[in-house]
Amino acid sequence: MSTENVLHIEHLTMRFGGVVAVNDLSMDINQGEIVALIGPNGAGKTTAFNMVTGVYQPTEGKIFLHGQDITGRRPDEITKLGVARTFQNIRLFSSMTVFENVLTARHLRRTSNFLSATFRLNTAEEKKMRQETEDLLKEVGLSDVKDEKATSLPYGKQRLLEIARALSTQPKLILLDEPAAGMNPQETEELGAFIRQIKDKFHLTVFLIEHHMNLVMDISDRIYVIDFGKQIAEGTPAEVQNNPAVIAAYLGVDEEDEEAGKA
Amino acid sequence: MNNTTKKKADPAIFFSAVVVLCIYAAVFIAEQTIAPTSMLFTVLKKGATYALVAVSMNLLNGFTGIFSLGQAGFMLIGAYTFGIFTIPAAQRINVYQYYNGGIVQFSLPWFVAMLLAGLMAAFFAFLIGLPVLRLKSDYLAIASLGFAEIIRAVFQWDKLGVITNGSNMLNNYPTFNDFNIRNASGKVTVYLSTLVPFIIAGVCIGVIILLINSTYGRALKAIRDDEIAAEAMGIRLASHKRLAFCISSFFAGVGGAMLAMYQTTVQAKSFTTAMTYEILLIVVIGGIGSVTGSCLSSFLFVACSEWWLRFLDQKQVIGTFQVPMLRNGFRLVVFSVIIMIVVLFFRQGIMGTKELPDLFRSQHKKEKEAQGK
Amino acid sequence: MWNTVFPYLLSGISVGGQYALIAIGYTMVYGILRLINFAHGDVFMVAGIIMVYMAASGVPLWLCIPLVLALTALIGFTIERVAYKPLRNAPRMSAMISAIGVSYALQNLVLYITGGLNQLYPTIPWISQSVTVFGATTKIVTVVTPFLTLLLVIALVQLINHTKIGMAMRAVSRDFETSQLMGIRINRVISITFVIGTFLAGVASILYFTNYTTVIQTSGAMPGLKAFVAAVFGGIGSIPGAVVGAFIIGIAENIIKGLDIMLFKLGLIHGPLGLATFSDAFSFALLIIILAVKPTGLFGEKNTDKV
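Chains as they are written, first to last, in numbering that gives the first Met the number 0: chain R, 0 to 262; chain S, 0 to 372; chain H, 0 to 306.
Because the hints were derived from the structure by calculation, they are not lab data.
Note that the coordinates shown come from a computational prediction; the quantities given were computed from them, not determined experimentally.
Among these hints, one or two may not hold up.
Now the in silico label distances, taken between C-beta atoms and shown as ranges [said to hold, decoys possible]:
#  : chain 1 : residue 1 : chain 2 : residue 2 : range
1  : R       : 184       : H       : 181       : 36 to 42 Å
2  : S       : 110       : H       : 85        : 44 to 50 Å
3  : S       : 241       : R       : 133       : 29 to 35 Å
4  : H       : 259       : S       : 182       : 53 to 59 Å
5  : S       : 97        : H       : 150       : 45 to 51 Å
6  : H       : 186       : S       : 20        : 51 to 57 Å
7  : H       : 85        : R       : 153       : 27 to 33 Å
8  : S       : 122       : H       : 133       : 45 to 51 Å
9  : H       : 88        : S       : 321       : 43 to 49 Å
10 : H       : 181       : S       : 344       : 30 to 36 Å
Dumping the calculated DSS-like pairs for lysine-lysine here, alpha-carbon to alpha-carbon at most 25 Å [to be verified]:
#  : chain 1 : residue 1 : chain 2 : residue 2
11 : H       : 293       : S       : 135
12 : S       : 353       : R       : 148
13 : R       : 137       : R       : 126
14 : H       : 256       : S       : 158
For each residue, glycine too, the CB sits at the ideal point set by N, CA and C.
Taking the hints into account, I'd like the entire structure generated from these sequences.
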């Protein structure tokens with residue numbers, strides 16, 4: 000395990016009115032790790048993601064990125080600091096092509112202002128952005144559909160495009176919210192290999208939420224398990240699988256049904 | 000226009016450029032050969048003005064997804080800025096007769112004043128945007144509409160009369176007719192009173208198109224498609240919305256200046272909410288999210304309301320049969336019905352989100368497909 | 000001083016009551032459809048025009064009033080069916096554009112019918128009579144309006160809180176989809192909402208035009224916008240909010256109309272400031288302030304956006 004800390008979460012709590020969605024969650028993710036956050040539906044996983052990416056302001060607790068306090072920063076600021084994400088309910092730019100979706104995510108690394116961009120004084124930068132987008136699409140295997148409307152792609156490819164778009168912001172940490180949802184078993188297996196591949200290629204740290212247990216157990220270095228917003232276990236896949244609390248709270252429910260429901 | 004990375008020279012863009020140039024050439028020739036009193040020129044001048052304003056509104060409503068209804072207010076600022084700074088110093092004592100000639104005692108060249116008109120509108124947009132742009136869709140619409148009404152009241156305020164001439168009109172400033180080139184005896188040698196507004200509108204719309212197809216334009220479209228995703232991709236919502244709002248208002252201001260030139264007089268009370276509605280309907284008819292559509296529908300709208308449907312307002316007798324219902328105002332009724340049909344059944348408008356080059360492209364594509372088969 | 004302020008206050012309360020009746024239509028429709036019904040003010044104006052033409056064609060006034068109210072409600076019903084219902088699943092902007100289209104169409108239709116001339120509103124006996132209240136001379140309608148408004152509002156609140164259809168309305172405004180799933184006949188509820196809203200606008204038109212005596216195609220635009228501002232000010236979706244908002248705006252704009260005189264009498268100014276110019280603009284300034292400070296209005300409920 001590498002020692003450099005990427006994400007450090009301290010006593011994070013989120014309340015919506017009377018409901019406690021996330022309760023005193025603390026975690027650490029180190030450079031180069033793949034860490035999964037699992038738990039039954041409604042356990043507060045996406046809420047945790049939304050706090051890390053700045054969509055929600057946590058009620059209590061702190062979030063550090065590379066030791067820098069990012070609690071309560073805006074989503075775009077956090078993305079600029081190197082945290083990218085995908086969405087559980089796919090949120091692609093529906094009017095744009097695959098290529099434009101990925102290209103648009105480069106906007107935040109621009110050096111031009113609106114005048115120089117409008118009057119085409121930034122052609123070198125624009126050219127570079129486009130070239131990098133081409134390369135990235137080749138890398139993830141979406142080159143052949145790059146001029147298609149993003150929303151016309153099959154579901155699995157849309158999920159892939161979400162990842163490609165997130166990568167285009169040049170993150171150090173990528174948050175994947177149920178990347179395998181809606182994928183068939185073969186696609187899911189390929190996704191596992193793909194996540195490892197991009198992790199190495201782009202020197203990423205990966206933080207994911209996933210319901211496909213095979214995938215989680217296959218690729219994760221460590222797993223956090225939460226239930227009712229509270230952490231109930233943490234450890235390697237093997238440790239988590241044998242943890243009685245987890246079995247009781249989570250794996251104890253019929254896992255087959257859980258997966259069938261998802262697929 | 001945008002997503003072409005493969006080839007440098009896109010034939011579709013080339014054809015579009017040719018079409019646009021032909022239109023300009025036709026306008027120039029028409030102006031030299033047809034009597035200047037023809038309705039055609041009224042339509043072309045007003046159409047060019049409305050095209051610019053409609054495209055500026057489309058930049059907000061169509062490309063950024065901000066439903067603003069403040070356009071008339073920004074046009075008012077532009078029109079007044081233009082009028083105030085271009086009335087010849089010698090005329091001021093007549094125009095500002097109730098205010099001792101006003102306090103502005105110099106005049107600027109028309110193009111400087113026009114630029115200033117845009118900048119002034121953009122500056123007001125910046126101030127107004129601070130509270131308004133934080134609001135959600137319909138609240139934003141009503142708040143921006145409210146601001147336009149406030150601006151209208153402020154410009155009519157007697158205490159500002161030394162600048163704005165209060166509720167009295169501004170006139171005697173340069174108009175489109177002053178673009179005509181005259182010889183020493185005052186006879187027009189070259190008619191430019193339609194071509195110049197076409198060029199002004201064309202350049203402005205060209206700049207908007209360049210913006211839309213730049214990286215900033217993509218960011219704006221991203222905000223329109225999905226604010227949350229756009230923000231997650233590092234696009235700062237507040238600054239980009241403000242940018243779109245100010246740029247849109249800048250061009251609405253320039254459009255207001257053009258309207259002032261077209262009308263030859265300006266009065267704050269005419270920049271009503273109804274004017275904004277009219278421009279919005281033009282945008283809808285053309286296609287929300289299509290610059291080409293906004294331009295086309297501006298000319299259509301103006302042509303129908305000023306020219307082609309005029310006969311509906313007069314008694315018409317065919318043989319001995321007098322067509323019923325035709326009298327003053329019927330034109331607007333027919334017009335409203337057409338608009339409602341478009342709004343209800345042809346929500347895509349004329350162009351949908353397509354642009355001029357797309358028309359050539361689809362043609363090209365179809366041919367290719369036909370060959371393939 | 001009181002003698003100066005009171006007439007303005009009185010007409011403010013009166014106009015406020017009329018705005019309140021219009022604002023209820025806005026707030027109920029918004030509560031259910033999340034639609035700013037831009038045409039609502041024009042329906043109010045059309046009600047005025049119907050009255051003018053009906054009275055001119057010889058229908059006795061006592062019959063005109065119920066007929067006008069019924070016709071106005073019918074127009075509201077028709078507009079919803081023709082212009083909004085087909086767009087129920089379209090983006091929200093489409094319905095709003097359609098509303099603007101209807102507003103444009105109604106104004107143009109009236110322009111065509113009237114030839115764009117001011118129409119003299121028929122003089123309704125009794126309420127058009129002059130009366131002196133605390134030394135201020137005004138029409139009886141001015142005095143009657145606030146009471147009638149409150150009466151109608153109380154009746155409406157009873158309807159919403161204690162009848163089955165009222166319960167359905169509350170359910171639909173709380174959660175459109177779920178109430179649909181629960182078997183509430185959405186279209187019926189929406190139609191009834193429009194009928195109630197436009198009926199009240201019809202009542203408002205009788206009170207308003209009796210006071211202002213003329214109707215023209217643009218007569219509905221400003222009262223409509225101000226009533227909407229009142230609805231937002233009070234917290235959109237809330238009927239008491241709309242009523243309170245409407246009275247505040249009605250009073251405020253009338254006070255502003257007389258502000259020059261009041262300030263002069265107080266010795267604060269020595270010449271006219273022309274503040275009356277801002278009587279319309281003030282409502283909008285108020286709107287922007289409330290939206291900036293408390294976007295949900297005085298009585299509005301907070302809803303959170305889901306991500």
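Status of the hints after comparison with the structure:
{"no.": "1", "hint": "184/R / 181/H: 36 to 42 Å", "in the structure": "holds, 38 Å"}
{"no.": "2", "hint": "110/S / 85/H: 44 to 50 Å", "in the structure": "holds, 47 Å"}
{"no.": "3", "hint": "241/S / 133/R: 29 to 35 Å", "in the structure": "holds, 32 Å"}
{"no.": "4", "hint": "259/H / 182/S: 53 to 59 Å", "in the structure": "holds, 55 Å"}
{"no.": "5", "hint": "97/S / 150/H: 45 to 51 Å", "in the structure": "holds, 48 Å"}
{"no.": "6", "hint": "186/H / 20/S: 51 to 57 Å", "in the structure": "holds, 53 Å"}
{"no.": "7", "hint": "85/H / 153/R: 27 to 33 Å", "in the structure": "holds, 32 Å"}
{"no.": "8", "hint": "122/S / 133/H: 45 to 51 Å", "in the structure": "holds, 48 Å"}
{"no.": "9", "hint": "88/H / 321/S: 43 to 49 Å", "in the structure": "holds, 45 Å"}
{"no.": "10", "hint": "181/H / 344/S: 30 to 36 Å", "in the structure": "holds, 32 Å"}
{"no.": "11", "hint": "293/H / 135/S", "in the structure": "holds, 13 Å"}
{"no.": "12", "hint": "353/S / 148/R", "in the structure": "holds, 14 Å"}
{"no.": "13", "hint": "137/R / 126/R", "in the structure": "holds, 17 Å"}
{"no.": "14", "hint": "256/H / 158/S", "in the structure": "holds, 16 Å"}
Violation of the numbered hints given earlier is absent; every hint is satisfied by the structure.
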